[in-house]
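Q: Listed in order, the protein sequences are those of chains A and B.
Here numbering that gives the first Met the number 0 is used: position 178 in the first sequence is 177, and no number is missing along the way.
Here numbering that gives the first Met the number 0 is used: position 75 in the second sequence is 74, and no number is missing along the way.
Rather than coming from a laboratory, the hints here were simulated on the basis of the structure.
Errors might be hidden in some of the hints.
[Claimed, not checked] Listed below are several chain A residues computed to face chain B (Cβ distance under 7 Å; list not exhaustive):
#1 VAL20
#2 ALA25
#3 PHE43
#4 ILE63
#5 VAL70
#6 PHE88
#7 SER93
#8 PHE97
#9 LEU104
#10 GLN140
#11 TYR145
Note that beta-carbon positions come from the ideal geometry of N, C-alpha and C, so glycine has one too.
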Amino acid sequence: MIEVLFFIAAAVALISAAMTVTAHNAVHGLLYLVVTMLAISLIFFLLGSPFAAALQVIVYAGAIMVLFIFVTMMLHQGEKSLLEEKQLFQISGSIGAFLLSAVLLVELVYVLAGFASPQLINGSEGYFTIQTITVKELGIQLYGPYQLLVVIAAMMLLSALISAIHIARRQKNPMQADEEGDQTL
Amino acid sequence: MISIHWLLFLSLALFSIGVYGVVARRNLLFILLSLEIMLNAVVLLFIAGSSFHGNPDGQIMYLLILTLAASEVAVGLGLVIHMYRQHHTLDVDKLSQLRG
Chain A
0 MIEVLFFIAA
10 AVALISAAMT
20 VTAHNAVHGL
30 LYLVVTMLAI
40 SLIFFLLGSP
50 FAAALQVIVY
60 AGAIMVLFIF
70 VTMMLHQGEK
80 SLLEEKQLFQ
90 ISGSIGAFLL
100 SAVLLVELVY
110 VLAGFASPQL
120 INGSEGYFTI
130 QTITVKELGI
140 QLYGPYQLLV
150 VIAAMMLLSA
160 LISAIHIARR
170 QKNPMQADEE
180 GDQTL
Chain B
0 MISIHWLLFL
10 SLALFSIGVY
20 GVVARRNLLF
30 ILLSLEIMLN
40 AVVLLFIAGS
50 SFHGNPDGQI
60 MYLLILTLAA
70 SEVAVGLGLV
80 IHMYRQHHTL
90 DVDKLSQLRG
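Please construct the entire structure, taking both the sequences and the accompanying hints into account.
A: Below, the structure written as structure tokens:
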């Protein structure tokens, strides 16, 4: 039963990811990406990581997608940007990129199939019993041995916040941008 | 029962789709979306490893990648807005002012 659910979720994730990278309309691409995130969150749930699944829905499908949708709403100009995008990207014009990534996929599968060979995974042919990792276990690890990483993540979020505000601030003249930036920093 | 091989294959296929998007698209917004797909593929690999070995460390890496993705999106979308204000397009091929 779990296997059937996994295969359905995996197929949904792959198809909607492919639709995301080939969409012409930015809003359609974003909605397909949300479907990808939800399918991946279902897979997390099946793998016994309910906390990660919840975070995937809240942070990825919630917060990050809302950021993208705000920017798309600011920049999208209806038919005009749709026509521009159709000029910028056609599937027939990107066969080279498709072949390159197909070669990359074949190579990665070949290498990782070697890593996951039956000798290395104790002869169980890769099947494993799923045990749920509780939030309590995770919290003990996170605020025990990994305490420093929490601080580093907080610093990274702070620096990203500052640089995003600085980059996206409206500047009257591009030539004055550097001087103004120096003053405020 | 899910085999680890299927999880590896799903993650690698998602990663390759993301690579295709980054290489083929010329719109900065879609390049950022493809980067999100690639980050999700890596996250899936970490959660699969965490589940396979019964070890919570993979999920801690998941939390860190989540913060990384949030910061990357914030800075990236700031750059998108800035580029649109200066060039009135999101075509990355138009960014040729560094050419000597």
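Q: State for each hint whether it applies.
A: Evaluated hints:
1. VAL20: holds, 3 Å
2. ALA25: Since chain B brings a Cβ to about 6 Å from ALA25 of chain A, closer than 7 Å, the hint holds.
3. PHE43: Cβ of PHE43 of chain A sits 5 Å from chain B, so the hint holds.
4. ILE63: holds, 5 Å
5. VAL70: Since chain B brings a Cβ to about 5 Å from VAL70 of chain A, closer than 7 Å, the hint holds.
6. PHE88: Holds, because the Cβ-Cβ distance from PHE88 of chain A to chain B comes to roughly 6 Å (cut-off 7 Å).
7. SER93: At about 4 Å, which falls below the 7 Å cut-off, the nearest Cβ of chain B leaves the hint on SER93 of chain A intact, so it holds.
8. PHE97: holds, 6 Å
9. LEU104: holds, 4 Å
10. GLN140: holds, 5 Å
11. TYR145: holds, 5 Å
The earlier numbered hints are all upheld by this structure, with none contradicted.
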